[in-house]
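*Asks:* For reference, the chains in residue letters:
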Amino acid sequence: MIVEILYLVIALSLTAPLVWRLDGRYISLATSIVLMALSVYYKLPVGVLLSVLALSLSLDWRWGPFGVALSFSAVAAVLATYVYYAGQSIVYSLLALALVTAAVYGLLAMDRRRENVEGAVKYLVFSGIGKVLIVAGYVIAVSGWWQGAYLLVLGFLFELGIVPFHAWVVDAYALGTPRGVAALTAFSKLTALYVLLAVFRQLGGVPSHIGAVALIVALASMLVANVAGLTAKTLGRVMAYSSVAHMSYALTAVALVWWLGDRPTSLFGVPVRASDVAALTVVLEALTSSIAKSGVFGYLPTSLSDVLPPRRSVLNVANVFSLLGLPPLLGFWPKLFLVLLVLSYPATWLSVFLVSWIVLNSATATPYYLRAIRMVAEAPSPVADNVTSAYTALASVAVGLLMPLIVYILA
Amino acid sequence: MEVILFAIFTPLIASLVSLFSPSEKFKAWAVTVGTFISALLATYTYLTVKPDPSSSVKVYDWINAIGAKIELQINWSLPMGALVAWLVAAISLYSVKYMEGDYRPGWYWFFFGFFATSMLIVVYAGNLWFLLVGWEGVGLASWALIGHWYRDEYDKWVGKEEKVAGVPYWWTPSKAGLRAILTVRFGDAFFLVAIALFYVLTGTVSLSGLKSSSDLDALKQLGVVPLLFFALGPFTKSAQFPFHEWLLTAMTGPTSVSALIHAATMVKAGVYVLIVTAPIFAVVKGSELYFMVVMWVGVTTALLATIIALTSMEFKLVLAGSTAANLGIIAAATGAAGVLGLHETQLLNALLFFAFLHIVGHAVSKASLFMGFGAVIHETGTRFLGEVGKLWRHMRITAVAMVLSMLSLVGIPPFVGYITKDLALENVFEAGHVLGVEALAALLYILLFLTPIYGLRLIGLTFFHGKEPEEVHEAPVLMWLPYTALAFATIVLGAYFAVSIKFPLTEALVAVLLGFLTGFVLYIALPGFRSETLRPLWEFAYRRFYLPILYDGVFPWLYTWFAKFIFVVFDKGLFDGLYHNVLPGLFGIASNWLRRLVAGALNIYLLYAIVGILITLLLLVVL
Chain X
1 MIVEILYLVI ALSLTAPLVW RLDGRYISLA TSIVLMALSV YYKLPVGVLL SVLALSLSLD
61 WRWGPFGVAL SFSAVAAVLA TYVYYAGQSI VYSLLALALV TAAVYGLLAM DRRRENVEGA
121 VKYLVFSGIG KVLIVAGYVI AVSGWWQGAY LLVLGFLFEL GIVPFHAWVV DAYALGTPRG
181 VAALTAFSKL TALYVLLAVF RQLGGVPSHI GAVALIVALA SMLVANVAGL TAKTLGRVMA
241 YSSVAHMSYA LTAVALVWWL GDRPTSLFGV PVRASDVAAL TVVLEALTSS IAKSGVFGYL
301 PTSLSDVLPP RRSVLNVANV FSLLGLPPLL GFWPKLFLVL LVLSYPATWL SVFLVSWIVL
361 NSATATPYYL RAIRMVAEAP SPVADNVTSA YTALASVAVG LLMPLIVYIL A
Chain U
1001 MEVILFAIFT PLIASLVSLF SPSEKFKAWA VTVGTFISAL LATYTYLTVK PDPSSSVKVY
1061 DWINAIGAKI ELQINWSLPM GALVAWLVAA ISLYSVKYME GDYRPGWYWF FFGFFATSML
1121 IVVYAGNLWF LLVGWEGVGL ASWALIGHWY RDEYDKWVGK EEKVAGVPYW WTPSKAGLRA
1181 ILTVRFGDAF FLVAIALFYV LTGTVSLSGL KSSSDLDALK QLGVVPLLFF ALGPFTKSAQ
1241 FPFHEWLLTA MTGPTSVSAL IHAATMVKAG VYVLIVTAPI FAVVKGSELY FMVVMWVGVT
1301 TALLATIIAL TSMEFKLVLA GSTAANLGII AAATGAAGVL GLHETQLLNA LLFFAFLHIV
1361 GHAVSKASLF MGFGAVIHET GTRFLGEVGK LWRHMRITAV AMVLSMLSLV GIPPFVGYIT
1421 KDLALENVFE AGHVLGVEAL AALLYILLFL TPIYGLRLIG LTFFHGKEPE EVHEAPVLMW
1481 LPYTALAFAT IVLGAYFAVS IKFPLTEALV AVLLGFLTGF VLYIALPGFR SETLRPLWEF
1541 AYRRFYLPIL YDGVFPWLYT WFAKFIFVVF DKGLFDGLYH NVLPGLFGIA SNWLRRLVAG
1601 ALNIYLLYAI VGILITLLLL VVL
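One line per chain: the protein sequences are X and U, in this order. Residue 174 in the numbering used here is what sits at position 174 of the first sequence, and the numbering runs on without skipping anything. Residue 1502 in the numbering used here is what sits at position 502 of the second sequence, and the numbering runs on without skipping anything.
One chain only, chain X, in its complex shape:
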């Protein structure tokens, strides 16, 4: 698939001048269809989900020249996914990360307002720092130095927007163009998480003390994000803190395995390894956050997200419930698997503490998700649901309902 994607990238680059003649949405539409076909051919379900998401975004909005950027971001996400599942070279993952960052930067600034550019620049700076650290760290780590792992972890803290490196997330979400933010949540964050999984699988984990540091930072970030979100006033900021929290949950899963080591466990009675459960948690967190938030941002017609929604959305209520973690929606499962992962380790008091921490954080987050639902559901009529909100709501519900079957098949 790497070759096909390479060709696709070349084709996109060559067809880019077409945006002067026709709207970029058609290019992204075509790209989405190709990605869908490739994902089906190479049996990549996540790729299918992402390509359909790109398709729906293309159908909903006029993208102008930024249709190409949307296409690149979708291609990068699918590439990162494929690299992880196919066990391909990390270089491709890093390339995907770079590609998605450039694309999303443009998308965030696409309405060309001062605030949009501000949000995009902040994203670029921190994401850029993160990528530098990731690349440097990877090079050092594969050379045999454990400090490389530290730099890698630090880089991902920047990339994912973990506290205290999270401030850019709030501005990017609030100030960026909502459609660009949809791409950010859908493709950029997901790409970063798959790169994280791929890099650390190749390295064979990290030293235990670095895992401990990562875990402490992740837990603190979880709390700070959920508490800060309680008084966030606009939809964009609420979703930003939600994103930080979700990334913190994902990091907690992998950090736990890094710290305490991999061990055999079971999931729904099927024997698995803790690292598999952690990876599954990360993937599901990525999907939850990307699908649900792209639905929420993808229906806003405004130039900024730092406002109350001007029109009502009914279907996005399901997306926000998924972010809240309401069973049996998609967002419930990564939280459950995280708890099961914690319980698979024999340290009783640690398990009690971690489970309590996770549950309390989830409970703390409830008020701001409910406020987000009120913002979305009580906005003025008429209902402004579009293809993206419909598709993402459907995905949040359907994947959630099918999750036990999916896990059983995967295991």
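Rather than coming from a laboratory, the hints here were simulated on the basis of the structure. Cβ atoms here follow ideal geometry from the backbone N, Cα and C, with glycine treated the same way. Where hints are given, some of them may not hold.
[Unchecked claim] For the chain U half of the interface with chain X, some residues (derived, Cβ under 10 Å), not all of them:
#1 Leu-1578
#2 Val-1582
#3 Pro-1584
#4 Ala-1590
#5 Arg-1595
#6 Ala-1599
#7 Gly-1600
[Stated by the list, open to error] If you want the ones that stay clear, here's a sample from chain X, every Cβ over 10 Å from chain U, calculated:
#8 Pro-45
#9 Val-91
#10 Leu-260
#11 Ala-390
Following the hints, position chain U against chain X.
*Replies:* Just chain U, lined up with the frame of chain X:
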């Protein structure tokens, strides 16, 4: 065994059947027929089954984990069951006419049958958990029937609309019902704990099991505390001091209810259980203290309740005071039997038999008196003593019946009340003599002296003196028949007991006759008397020693204060304050502070990043 079960449950079946028709007559007669069938079956059992104090008849294993079984005892229960069943039947027949045209007949008749079954369970139960079922059932029925007249009309109250020290001195049916069940529940809590303790410490709560030799050692080591806990159940149920108040205000219920539950049967359940369990508790180490407590509580109740009866100004209140007094006598006799027969089983059983006899003697007399005075209230429309008088001209049959029953109640020979009371008090006299407490005899003489006075006061001021009403006529036959039959039964039973048991002749008779003479002069020959000198004493007694101020003023105030304290400090202050003010406030402050960190300036964000890197490096070093 099946016969006993049918005797127990027929009234309940009848009351359930009565629910299926809206007709008052159907309800009344269905339950009445059920109670008569029960009475016949109980009599059959009494006549054909041989008493066996050492064994219980097991019907069903109920909850093995706590030793709860449906078991029947066939000892004291045989005569008691027959007595209770016939009194229930007689009063049921009386109620057909007495309650005719009243509101809420479904409620009344349902709980009437329910009560009868519950009471028979108490009588026949051979297992303390099974007994508790009936015990609670009679308590529930008592509440339901005391509060039957839930509209709280003035003529159904006890007391007048007046306050003493700010505390209302009137009790409506609703309030009285609550008073009754709360008092009884208080004792039941200790009763229940005691039963649980018996099970834990001896492994059984079967009455025959507790007596058997295999559990004897465990029983001996039981200790007196569980016994005292146990005694609180009977004390509250039988309205012993200081738990007697509920019985007095229970007179808000229909008089048939007062006759049945609050004179003849339910209140006897407590003293009956004291009698039945006395042979079991006699082997417990330290049980002498238990029996002494029972005896003294009984004597105190008898004396104080007699004084209350002497100064009450309502027909039913006089009778209620008298009931409490006689229950005190039975309790005292039981306690005294325990003190005297502690180490001699045969003597103990003989003395307990005398105590038991007074249950019979009092029940027959008091049931008749309540029904008769219920007829007086029914016909005259007043509950107050002295508002109507000279009723012997208008209600001759009732007058005769009441005179006979009252003579029995106050202990005039040759009525059954004299024989049973004298035999019971002989226990107490003897116990006082053995213990060297001569003051006890003095107290008993005072009791015996005062009793006829209150009885003759009630009779004199109602039937011989006072303001004659214009339109009052005799009670209907369905009403006067039961109480007149019982009145004559006091003579018949008296003769029977005199021949088959004993006709006692002691110095106590002198006190009784002196009291009778005094009462006759004051209230039969004369129309009563007033004394300004004695007025303060009278007022003190009339106000029931101001105890209602404690129960209806001080205790409710304390509980209300405590409830408000819990509400203000814990519920509103601590929990509500924490969940609705403190925690949200703290989270709000923290959240606002954290949000303000995202100030918008990129250089500030980079500063945070640098701080973050330093923190992670520090953590690396530390860990």
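*Asks:* Quick check: which numbered hints come out false for this structure?
*Replies:* Per hint list: 1 and 2 violated.
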